[in-house]
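Q: Let chain A serve as the given structure and place chain B on it in line with the hints.
In case you want the letters, here they are:
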Amino acid sequence: MTGNPLIRLAEVTKVYHLESGDFTALDHISLDIGENDFVALMGPSGSGKSTMLNLLGILDVPSSGQVQIAGKDVARMTPLERTHMRRDSIGYIFQKFYLIPLLSAYENVEYPLILKYKKRDTTGRAAEVLRSVGFDEALGAHRPSQLSGGQQQRVAIARALVNDPGILLCDEPTGNLDRKTGLQIMDILCELHAKGKTVILVTHDPKISEYAHRVIELEDGKIAS
Amino acid sequence: MKDIFLDLSARSVRLNLLRSILASIGIVIGVVAISSMGMLGTNMQLEVKDQLSTGANTIVITPDTVRMGPPGSAPSSSSSSSDITKTVLGKIRIATGTSGTVIPIHRTNTQFTLGSVPGRASVYGLDPDDITKFLTIGNGTNIVGINDALVGSTIAGNFNLKLGSRIRIGSESTGQSVARIIGILDERGMSSDNINTDNAIVVSDDWYVNQYGGKDEYQQVNVIVKDIDTITDVETAIDTKVNTDKKTPTVRISDASSRLSSISSSLSTMTTFILAIGAISLGVAAVSIFNVMMMSVNERVQEIGILLSIGTEKGEVRRMFLYEAFILGLLGAVVGGASSLVMGYSVVSAMIGTTAYFFLPESLAYIPEGMIVGMVVCLVSGLYPAWRASNLDPIEALRSE
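Residue numbers (our numbering), protein chains in the order written: chain A, 1 to 225; chain B, 1001 to 1401.
One or more of the hints may lead you astray.
[As the list claims (entries may be wrong)] Looking from chain B toward chain A, a few residues come up when the C-beta cut is under 7 Å (computed):
1) I1004
2) L1006
3) L1008
4) R1011
5) S1309
6) G1311
7) E1313
8) P1394
9) I1395
Hints were generated in silico from the structure; no laboratory data involved.
Predicted, not measured: the structure shown is a model, and the values here were computed from it.
Don't be surprised by glycine CBs; every beta carbon is placed ideally from N, CA and C.
Isolated chain A (complex conformation) (with noise of 0.2 Å):
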C-alpha cells in the first residue's frame, strides 16, 4: 500500500440466493486500499472478481462485513447517496465500453457533468479529458457505434474521469481491444496513476496484471495471495 485506506473491507461476505441454492460469491474478505494504489484483481471466472468490483463501485452491498470507502460505510448511505458516491467519486472503465449509444462521443464525456452540475458544460471539461485520453476531437460529433474499439475506450476512460474522481474501477479494460490498442489504453491508465489516481483493475491477462503495483488473487472467493 503505497497511501492512506482509502478502502477498507471488513469481514466482507456475498451470498447470492438462487433455486439452485445458496451461493456464496465473498467469503470474509477484508482488504485495505490506499490512496493512490495500483491493484489488479486476478482470478479465474467465478472466483468473485466481478462482485468485488461491484461492491467497490456500490452497485451492491454486502451481505454482511462492512465495505468503507472515504471513511463513509456503503451499507449506511442511502441510495441516493450511493448513486452521489458513484457519480463524483468512482470512475467506472467497463471491458464492454458501455457508452450511451443514443450520445455522441462529446456528449458521453458531458453526461457525468451534467448529472453533478444539471446544467451544460460550458467550461470546456469535457472536451479537455477527451483530449487528454489522446481520442481524435474531430470524431466528437459521432455516435459510439461510428467509433473504432480503441476509440470508444478512450471516450470511456474520459466520461469516468470527467468528474475528476479518486478511485478509477477498470474491469478488463483490454479485454475487447487488440494488442496494440489495450496496450496504449494501460498507458493511460498509468498515467492516471502517476497523476494520483487510484486504480482497481480486473483482469485475466498476466501482462496486463504486471501493470499494477499490487495483485490480489481471488479464488472461490477468497483471497489467494
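A: Quick look at chain B alone, frame taken from chain A:
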C-alpha cells in the same frame, strides 16, 4: 438549457419513429373522437337552447290526459273529453287576467295533397287574430277568409309552393277540404311553446272545427305573459284555479325553462354517452402507448444499466421515460387538436346543419380539453414503464444484451 433527459427521450422517439408515430396515432384518434363528439353535443345543446328561447315567455298548457290509476288498474282518461274544455279555458283566462294573452289551439295530424303529391303535416286551428301574436308570416298575408291557410317553411320548400296554391287537407277516407295558401310562415325550428309550424298547416279555428269538429275543445292553450318575471306567478294562478284536485290534475302546465331543462338534461346525457364512446378510443390508445413504452424500456435495459451505474438518479431515469411518453402525447395531442378542428366542423355541419355555434368558446373548449386528456392519458400510460426502468438493478441491467 436543453434538458439532457428530454434530449435522450427525443432521440429515442426519433430512433423508433414509425413505432412512435403509430402509437401517437392512437392518441390522435382519441383526441379527435373526444373533441369532435364533445363539440357535436355542445352544438346540439346550443342550437336547441337558441330555438327554445324564442318562446321563453310562453306557458304551455296541455290536457293531463293519461294518469296512472291504482296498482293493477288500466290508465284512464281524465274526462270524457281528453281536451281542454271551454270551462277550463275560461278559468285559464280568469287566472291569467291582464298578465298575458291566452291563445287556445286546435291541433291534429293529417294527410294533405298538393297537386297530386301526398304529404303529412300537423294542422293548427287558430283564431286569425292570435296568429301574428307568436307566428311570423314571411311571405303573403294573414288568414282573412275561412278557406285561407298558412303553411310552414319546410312544406313550402319541399313542394316549391307559391302563394295562391290550393291544398287538399285530410285523407280520402276521412274527407278532404280545400284551402288556399295565402301565406308562408318563417322557419321556427323546435320552439319551446310546443308549436312547431315548419312542417304544418295553419288554418282558422272555424275551418278547423268545420273539418274536424271539437268546437270549444282545445288540444293546447298557450299563455304569452307580458312580463317574463311574472311567469311563475301566472303558472301558479292557473294551477290553483284549474287543477283544484291535486291528485288528478286537469292540465299540465309547463314553460320554456322546464322544457329547456328537460331537453338539456337529455342532450347532456347523450353528450356524455358519445364522449364515453370517444373515451374508449383513448383507452385503446393508452394501451398502445403503454405497450410502446414497455418495449422502449425492454430494448434499453442495458442503456438504463449504464445510466444508473455512472451515477444517474432513479428520478432522472423516471423523468427520461416520462418525457418520452410526454413527447408521444404532445405529438398526438397537437395533431389530434388540429384534426379535431376540421373533423369537428365537418361533423357538426353534417349532423346539425349549421356551424353557427361552432366557434363559440364553449364549443371550441373541447379541443384543448381533448388535447389535455390525451396528454394525461399518455403520461399515465408511461408511469409504470418509467417506474420499472428506474427500479432496474444496474448490475442485472448491464449484463443484459
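Q: Against chain A, run the beta carbon of G1311/B and see if the smallest gap drops under 7 Å.
A: G1311/B check passes; min Cβ-Cβ to chain A is 3 Å, inside 7 Å.
Q: Checking hints one by one. Is S1309/B an interface residue toward chain A, by the C-beta closer than 7 Å rule?
A: holds (6 Å)
Q: Would the hint on I1004/B be counted as holding, given a Cβ-Cβ threshold of 7 Å to chain A?
A: holds (5 Å)
Q: Against chain A, run the beta carbon of E1313/B and see if the smallest gap drops under 7 Å.
A: holds (5 Å)
Q: Can you verify the interface hint for L1008/B: is its Cβ closer than 7 Å to any Cβ in chain A?
A: holds (5 Å)
Q: Hint P1394/B vs chain A: min CB-CB distance below 7 Å?
A: holds (5 Å)
Q: Just to be careful: measuring from the Cβ of L1006/B to every Cβ in chain A, is the smallest value less than 7 Å?
A: violated (12 Å)
Q: Closer than 7 Å between Cβ atoms is the bar; does I1395/B clear it against chain A? Give me holds or violated.
A: holds (5 Å)
Q: Report holds or violated for the interface hint on R1011/B, using the least CB-CB distance to chain A and a cut-off of 7 Å.
A: Given a least distance of 4 Å, the restraint on R1011/B holds.
The earlier numbered hint that this structure contradicts is number 2, and it is the only one.
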